[in-house]
Amino acid sequence: TMRWALAIAVVLGFSTAHADTLKVGEKLVDLDIAVDASNKPFKLKSLKGKWVLITVGAEWCKPCAKELPAWDKLAGILKDKITFVAVSVDDNVKDGQRFHQKLKLKNMKLVYLPADKSAAASRYGSDTMPSSFVADGNQVIKFRKDGFNERDPDGDLKKMHAQLNKLLGN
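For the sequence shown, counting from 1, position 50 maps to 50 in this note's numbering; every step adds exactly one.
By construction, these hints were calculated from the structure, which means they are not laboratory data.
The calculated DSSO-like cross-link candidates involving lysine-lysine, where the alpha carbons are at most 30 angstroms apart (straight line), are: (1) Lys117 - Lys48; (2) Lys94 - Lys66; (3) Lys27 - Lys145.
Listed next, with one range per pair, are the computed distances between beta-carbon atoms: (4) Asn107 - Asn138: 21 to 27 angstroms; (5) Lys50 - Gly155: 25 to 31 angstroms; (6) Asp30 - Asp146: 19 to 25 angstroms; (7) Lys45 - Asp152: 32 to 38 angstroms; (8) Ala37 - Glu150: 24 to 30 angstroms; (9) Leu168 - Asp95: 29 to 35 angstroms; (10) Lys79 - Lys166: 14 to 20 angstroms; (11) Lys48 - Ala119: 19 to 25 angstroms; (12) Lys166 - Lys94: 34 to 40 angstroms; (13) Lys159 - Lys117: 30 to 36 angstroms; (14) Phe143 - Pro69: 16 to 22 angstroms; (15) Lys43 - Lys104: 24 to 30 angstroms; (16) Asp154 - Asp20: 31 to 37 angstroms.
Note that CB positions come from ideal geometry on N, CA and C, so glycine has one too.
Whole structure, please, built from the sequences with the hints as guidance.
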């Protein structure tokens with residue numbers, strides 16, 4: 001049946017695509033060539049000691065356009081407890097900036113990491129976007145989420161909010 005074919009494709013796809021992707025329990029890898037919204041170099045090290053949620057996406061990723069506004073809303077609610085970092089892996093930084101502007105994100109740190117030039121991008125699941133990673137103050141990954149349910153953005157927002165509350169001890 002179609003369902004079985006899909007299940008097999010998912011299992012096979014995940015085992016190869018995720019071979020190199022960061023996993024729960026591993027440390028974050030710094031974003032080697034990332035720049036922030038003002039084109040200054042950005043390093044995750046600068047957020048040491050703080051909880052962070054890093055979400056990786058791109059302009060051409062349809063679910064990313066639904067995920068980012070949801071996470072932006074959450075970032076506003078939890079701003080005293082966790083820093084949200086939206087990483088665009090568009091090869092052209094301008095495309096990523098235009099994408100973020102169009103979504104009117106205001107509560108997240110906006111970061112640009114051209115995947116074609118970055119060694120770190122693939123470690124963040126740039127092949128299964130959007131991918132979100134939640135790490136503690138020591139930059140150890142405590143939770144990871146692949147994809148986003150664009151048919152139920154509020155449901156995914158509620159689930160992530162509950163997950164973050166649990167991690168942050170709220």
